[in-house]
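> Residue-level listing of the chains:
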Amino acid sequence: MQPDSLTLAFDTSVAHCAAALLCGDKVLHEMAEPLAKGQAERLFPLLQELLAKADVGWKDLARIGVGVGPGNFTGIRISVSAARGLALSCGIPAVGVSSLAAQAEGLDGPVISVLDARNGNYYFQSFGNLDGAPPTRCTLETLPQIPARADPAVVGFEAALIAKHYAGHICLPIFPTAVAIGRIANRQKHDTKSRPVPLYLRAPDAAPPKNPAPAILP
Amino acid sequence: MTETLTILGLESSCDDTAAAIVRHIPGSMPEILASVVEGQNDLHANFGGVVPEIAARAHVEKLDTCAEQALTQAKLGFSDLDAIAVTAGPGLIGGVLSGVMFAKGLCAGTGLPLVGVNHLAGHALTPRLTNQLAFPYLMLLVSGGHCQFLVVHAADEYTRLGGTIDDAPGEAFDKVARLLGLPQPGGPAVEQAAKSGEPMRFAFPRPLLDRPGCDMSFSGLKTAILRERDRLIAEHGGLRQTDRADVCASFQASVAAVFAEKTRRALSEYLALNPTQPAFAVAGGVAANSVIRASLETVCNEFDVPFAAPPLALCTDNAAMIAWAGLERFRAGYRNDMSLSARPRWPLDTRSPALLGSGKKGAKA
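These protein sequences, in sequence, are chains R and P. Each residue of the first sequence is one higher than the last, beginning at 1 in our numbering. Each residue of the second sequence is one higher than the last, beginning at 1 in our numbering.
Be careful, since some hints might not be right.
[Claimed, not checked] SDA-like cross-link-like pairs, simulated, lysine to any residue; straight-line CA separation at most 25 Å:
no., chain 1, residue 1, chain 2, residue 2
1, R, Lys37, P, His236
2, R, Lys37, P, Ile54
3, P, Lys222, P, Phe47
4, R, Lys53, P, Leu112
5, R, Lys210, P, Leu76
6, R, Lys59, P, Gly111
7, R, Lys59, R, Lys210
8, R, Lys210, P, Arg335
9, R, Lys59, P, Gly237
[What the hints assert, rightly or not] So, partial list: chain R residues that the calculated Cβ filter (under 7 Å) puts toward chain P:
no., residue
10, Ala36
11, Leu86
12, Pro110
13, Leu217
Hints listed in this document are in silico derivations from the structure and should not be mistaken for laboratory results. Cβ atoms here follow ideal geometry from the backbone N, Cα and C, with glycine treated the same way.
All chains should be modelled from the sequences, with the hints used to inform the complete structure.
Here you go:
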């Protein structure tokens, strides 16, 4: 095992704590625990258990891969903050990976990746020869256009419904989330400077005050 | 108390992202080697107050750059540190969580101990960082989110003599500014406008002065301002600048009068404990208000108790206070493990009954 190729990947963008330790694309260990609450408390103990299984320490890592969403805002921030702390303290790069890309990892040809954005909304991104457009948030009515007769593989939330819309076919993710994040992070070796940034795909809920300020007279 | 300690502090519980490094050589003054504060006023300006989700989004991307800047300023590396202290509550949970997770990431990679700090303890212990006050001292903590009188017995022992039962005064300043068409943050804007105003023109209420004890209320005062504003607008077809100045001055006078009287009561209770070196200190953003500060100083003179007001940059949210509070806790033997939780609510005084928001998750402060 070459210690300089160890990648630690983790994700808390949905109701789980998922982590994987990769050497190149080889998965040394992975863990995923369903967890609706307490991700902030569980994440580091889980990562420590994972490293202990492989008998490696934090200082042996070469790279962090972190899920940046889209997903639960708080969950995304838990992992991204942790990754930024680890990157700074270990002196290694942290690579942000979108959950939409992670879900589509390893699928060939035109791929449409969809995640639940709640209340009838979808997080959407296309890959393969369909790609080019950045990820987006949409409804069934506003699903983006793709070229005719593309027959895309559709992966993720309500895949059957979306596949019907695009006259495509359903696919399942090939890799567990954290493993996919690690694989994608490995391919960003050249980028050692940029830092992981949450992918919210939704503006913060905030409205200017309802009552306008009074007219000020001289 | 024999060891020299160097602590990195991190703060992200409201709308300031901050990192600082404090060193203490026993027997000498603590030294702030670096203090970086990245505010978010511009991000929240259009919303008339701090928007939690906007604040949380900013913290995630600023914590690491603030920490790096602090290390650079102090010309130190992680190996020069003894521990990392982080605000673990109370505050806006999104920001607190980001800070706690970032700190855990730093501790994992460096092997440094982690110390979770109560944000209020940070404020309450600042007079020891700046003025070396001896325990026990009396503290008025007054900010946008908090308002309480505390007797500080030790770094981990506090008695709350009283506090607000509704809004914090800083919040009231923000709301009054919004009502009067003044910019945010409201504290400095209201103070500036009040300078040319007549503090005796409007007799705004002085809430809870007729009741014993040190509890305060600022919610009704806000409503009184709204009524007066609406009356003035109806009379003149708009708010005249002179009227606005008078409203600001009268509002400020009301708040200052409440603080003066409640401070008298708090001082009496505190002095009954026979402290060896009595002292009164203020902290929090509202302590920057010169009218309020002057009235507190006057009361202290009446009681012949020294008045300590840390410099403004250490009164408002900062990370030097977190590093210092962490240092005191670390020295007392406190350490946290990687399961440290971020707490939206975390009262300093766990024995006194909760003043507000004592829901399922406990008292707010």
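> Next, verify each hint and record whether it holds.
Hint check:
Annotation: proposed proximity of R/Lys37 to P/His236 is violated, straight-line Cα distance about 55 Å (limit 25 Å). Among the hinted pairs, R/Lys37 with P/Ile54 is consistent with the structure: their alpha-carbon atoms are about 22 Å apart, no more than 25 Å. Note on P/Lys222 and P/Phe47: the hinted pairing holds, with a Cα-Cα distance of about 18 Å set against a maximum of 25 Å. The hinted pair formed by R/Lys53 and P/Leu112 meets the criterion: a straight-line CA distance of about 22 Å does not exceed 25 Å.
Taking the CA atoms of R/Lys210 and P/Leu76, the gap is near 48 Å; set against the 25 Å cutoff, the hint is violated. A distance of roughly 10 Å separates the Cα atoms of R/Lys59 and P/Gly111; the hinted pair therefore holds under the 25 Å criterion. Taken as a hint, the R/Lys59 and R/Lys210 pair is broken in the structure, with Cα atoms around 52 Å apart against an allowance of 25 Å. Proximity of R/Lys210 to P/Arg335 is assessed by CA-CA distance (about 46 Å); at most 25 Å being required, the pair is judged violated.
At roughly 69 Å between alpha-carbon atoms, R/Lys59 and P/Gly237 are farther apart than 25 Å, so this suggested pair is violated. With 7 Å as the threshold, the beta carbon of R/Ala36 stays out of range of chain P, its nearest partner Cβ sitting at about 15 Å, so the hint is violated. Because the smallest distance between the Cβ of R/Leu86 and any Cβ of chain P comes to about 4 Å, under 7 Å, the interface hint for this residue holds. Annotation: interface hint on R/Pro110 violated; nearest CB of chain P at approximately 33 Å, more than 7 Å.
A least Cβ separation of about 4 Å between R/Leu217 and chain P falls short of the 7 Å threshold, and the interface hint therefore holds.
Comparing the model with each earlier hint shows violations of hints 1, 5, 7, 8, 9, 10, 12; every other hint is respected.
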